[in-house]
Structure formats: C-alpha cells, structure tokens
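Trainee: As a plain string of letters, each chain reads:
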Amino acid sequence: MNAEALFTRAAAEALPADSKERALATVALRRIWHAVFDPCPRLSRLFGDKNREFLDPFLEHASRRGLSMRWPLHAHALLWMKEKRPAELSAPLAQELLAAAAARWANEDQSDAKGMLLYSTDAPGSGLAAWKLRAADQDVRVVLIEFPAPSLSGGIHCAPFAEERYPDAPAWRPLPD
Amino acid sequence: MSSLVASGAASFVEVMIDNFLHLTPDALAAAFPGVPLSFHVMNSQFVRRDDRELDILSRRLKLFIRELKPLYVSDHLAVFTHGGRRLPFPQEIDYAREGPLALDRAKRWQDLLGVPVLFENYPSILDAGRGQPRFLEKLLDAGAGLLLDLSNAVVAHKNDAAPLDEWAALARRATRFHAAGYRPSETVPEFLVDSHDSELSADTLDFLRRVKPLAAGRDCSLVIERDANIDAASWSRDLAAAEAAFA
Chain B
1 MNAEALFTRA
11 AAEALPADSK
21 ERALATVALR
31 RIWHAVFDPC
41 PRLSRLFGDK
51 NREFLDPFLE
61 HASRRGLSMR
71 WPLHAHALLW
81 MKEKRPAELS
91 APLAQELLAA
101 AAARWANEDQ
111 SDAKGMLLYS
121 TDAPGSGLAA
131 WKLRAADQDV
141 RVVLIEFPAP
151 SLSGGIHCAP
161 FAEERYPDAP
171 AWRPLPD
Chain V
1 MSSLVASGAA
11 SFVEVMIDNF
21 LHLTPDALAA
31 AFPGVPLSFH
41 VMNSQFVRRD
51 DRELDILSRR
61 LKLFIRELKP
71 LYVSDHLAVF
81 THGGRRLPFP
91 QEIDYAREGP
101 LALDRAKRWQ
111 DLLGVPVLFE
121 NYPSILDAGR
131 GQPRFLEKLL
141 DAGAGLLLDL
151 SNAVVAHKND
161 AAPLDEWAAL
171 ARRATRFHAA
181 GYRPSETVPE
191 FLVDSHDSEL
201 SADTLDFLRR
211 VKPLAAGRDC
221 SLVIERDANI
231 DAASWSRDLA
241 AAEAAFA
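Those sequence lines, one after another, are chains B and V. First residue of the first sequence? That's 1 in my numbering, and the numbers climb one at a time after it. First residue of the second sequence? That's 1 in my numbering, and the numbers climb one at a time after it.
These are calculated hints, taken from the structure and not from any lab test. Every residue, glycine too, gets a C-beta built ideally from N, C-alpha and C. Careful: at least some of the hints might be erroneous.
[Stated by the list, open to error] Not the full set, but computed from the structure, chain B residues with beta-carbon under 7 Å of chain V: (1) Leu24; (2) Ser68; (3) Arg70.
[To be verified] Derived lysine to aspartate or glutamate pairs resembling DMTMM-like cross-links, with alpha carbons at most 20 Å apart: (4) Lys82/B <-> Asp109/B; (5) Lys82/B <-> Asp56/B; (6) Lys62/V <-> Glu53/B; (7) Lys158/V <-> Glu4/B; (8) Lys62/V <-> Glu96/B; (9) Lys138/V <-> Glu166/V; (10) Lys62/V <-> Asp141/V; (11) Lys158/V <-> Asp127/V; (12) Lys82/B <-> Glu96/B; (13) Lys158/V <-> Glu21/B; (14) Lys50/B <-> Glu166/V; (15) Lys158/V <-> Asp206/V; (16) Lys107/V <-> Asp141/V; (17) Lys50/B <-> Asp38/B; (18) Lys84/B <-> Asp177/B.
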C-alpha cells in the first residue's frame, strides 16, 4: 500500500473507501492523533472537537517537510503553531509541547545520553531538562529549569548530556527533523 | 509483576530491553533479584536501519546479554519507518516485495548479536499477511529462530490474513511462545489489533490447547504480555488459564 496514507488524511482518503488499506490508514491516523494529543491536555482542550483543524494541516506540513515523526514532533508542532496559529499559542501551551517532546526523547532515545536539555529562544532564561529512567523501577523525568539565556539563533535547540547532571556549558544543536 | 514471580505464578520475566540500555546490566538485574530474564527487543528496526546504528545498538545489547545471560533474545518482524519517517505503528513486511531483504537483515542482526534471535510473528491486518507463515519457515530454514505469538496468529486469522491451520508446522518448530489480549480497533472495529491490555480471549485459549500437543516433548515457555490496564489479579487469571491450556 501507499505508506504515505499512514501519515496524512488526504493520502488515506485517496485509498478505496472499503479497502483494508484504507482501514489500516484510519487506524494509523488515530495512533498519531493519540500520540499528539494524549501527552498534551492543554492542546487537546484548546481544539476540543475541532482538533482535526489543527492536526490535519500540521500532518500535511510534517509530510512536506519530511519530519521524522520521532521525539521532536511536538516541538515542530510548536514551531508550526507559532507560524500558522500564533493567536492560539500561549506560553503554557508552548511549554507543554516542549515537555511532550522532551519526555518522548527520554523514552525513545537509544544513545548513551542520560538526559537532554530542550530550549526555545522564545522563552529565554529557562528550558526543560529530561532524564531517562535512572533505575529499572523508576520513570523518566522532565523538569523546568532556569539558566542564563544562551547565545543561539532563533528557534528550538537541544543538548543531550552523558552525566547525571546537566552541564554548565551545554553542547547545543538545532532541533532535528 | 514482582508479586507474580514471588507467588510462583510466573517463573521468569521478559524485559523490553530497549528501555534499559542506557543503564548498567547490574542496575537492571537489581530490579529483578534472582529472577531469570528474557529480552524482548522492541525497537531495533533491523530491517531498514543503517548498519552503523545497528552496530552501535548491538554493542549495548551484547553487553547486557553477556552479563545477564537471558533465557532468550527476541525481536519483532516488522518495519518501523517509511522513507526515514517513523510509522505510527510497526507495519507488516510485504513478504513478496521485501521478504528477501528482511531475511538477509534478520540473519545479519542475529550475527551482530552473536546469539540466536527469535523473531516474533506479526498480528496481520492486510492480505499480505497470508504470506507470513511461509516466510517464517524460510527464516527458520535460514537458521534464525521463531518466537511464536499465539494470539497474534489468532488476530491474523480473524483479520482474514493467514489461516490458523497454517501455523501448525511452525508451532512444531517453536519453543518460545507469547500470548496477550487483543481488541477491535478503536476506529475500524471489524479489525482486531494486538493491544496487550486485556485478558486472553477464548479463541486464544483454544489455540493454546491446539498447539500444546505440537509443542510436547520440548522445553517450552509461554509469556503472557500485558502492557496496559496492568492489574495483578487479572494477569494472574491469565497466567492460570494459560497454564491450564498449555502446560
């Protein structure tokens, strides 16, 4: 089947209505819906029953940009909202979206990094620190921390770290796709 | 989970090992003192992942395998990405188109880990799943192993992919088994999805009883998976029902 149909509603709806492939695409889009909204109650409340008005165009954008659909997805949703729906983007919502990205990183990253800082130049002076679980019976942690605003180009930046404590001089890198 | 082991209802624990690879093997072992473990790899993406990344992952896994000596190591026969993008959930391999590649990659992944890897069958939805039993036989013939998920076979059957009868030959060659709850998809209820959030169905228990004589005479194990709606009493009921049907 056309795997693009697993990422956007337009591609899904191009499949024959009564086909298994169309049904599978519907299931896949629902998985994305859950992945986007479940960790973000503020986002979910903001759009309520009209959540597709947010999700469908964002997923079209994600496909056009070839976004990886991995941990940075919520951070890209933040960037997209800033451009396309700025009136609806509050500071608490921006923080919620970044926290969702940070938590997903902590759950799915397979590198040796123990944690990661996530920083938006729109919120200077603070950022998020995420830690993978520290023991088999613990959970990941995401904490809002304050630090001097780094000198970075505008946008969202991340800095994985290998020690338990985040570094005083993080190795910032641009948000991946 | 600890209570299930302490009570004797479970004799070992299967660990989704990807979640712990940034820890030390000792730290993982400390959470399961004296309990035998098996490793279930969730996210190697061995079919489409580039060799460099797979090599790095294999080195971490080998450390855990060497130190903790799991009963077995298993992985998932599925594709996780399309054009480099993460799929919303793992998709079944198109055996006609991508089967030879998947076979090569499975062998390569097993070689990298240096231990037998048991590959788990997929809970098919699409018609392409009708080719799965034949593909798994090829995989076994090539020297890889099979983790036969019995409820996934039931799901595939009910989704009109591979018929249940076609799993008999594979059941004769497997020693490690899985079973879990499944449910109708939230959006397309005529399809069943492998959900791990409920007790075993009557159809799964029936299939366990059918497979039991095919597994007789071999040292076999069965894991009852539960990832959501985790409730010790419910999980215990599953373990008891599975033991009655399969042990």
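Trainee: It remains to establish, for every hint, whether it holds in the given structure.
Mentor: Status of each hint after checking the structure:
1. Leu24: Hint holds; Leu24/B Cβ to chain V Cβ min 5 Å, cut 7 Å.
2. Ser68: holds, 6 Å
3. Arg70: holds, 5 Å
4. Lys82/B <-> Asp109/B: violated, 26 Å
5. Lys82/B <-> Asp56/B: holds, 16 Å
6. Lys62/V <-> Glu53/B: Distance ~46 Å between Lys62/V and Glu53/B Cα, so the pair is violated.
7. Lys158/V <-> Glu4/B: violated, 26 Å
8. Lys62/V <-> Glu96/B: With a Cα-Cα distance of about 37 Å, the restraint between Lys62/V and Glu96/B is violated, given a limit of 20 Å.
9. Lys138/V <-> Glu166/V: Holds, at roughly 14 Å.
10. Lys62/V <-> Asp141/V: violated, 24 Å
11. Lys158/V <-> Asp127/V: Holds - the C-alpha atoms of Asp127/V and Lys158/V are around 12 Å apart, at most 20 Å.
12. Lys82/B <-> Glu96/B: holds, 14 Å
13. Lys158/V <-> Glu21/B: Given that 20 Å is the threshold and the Cα spacing comes to 16 Å, the pair holds.
14. Lys50/B <-> Glu166/V: violated, 45 Å
15. Lys158/V <-> Asp206/V: holds, 14 Å
16. Lys107/V <-> Asp141/V: Distance of about 11 Å is within 20 Å: holds.
17. Lys50/B <-> Asp38/B: holds, 15 Å
18. Lys84/B <-> Asp177/B: At roughly 18 Å apart (the allowed maximum being 20 Å), Asp177/B and Lys84/B satisfy the hint.
Hints 4, 6, 7, 8, 10 and 14, counting from the list given before, are not met by this structure.
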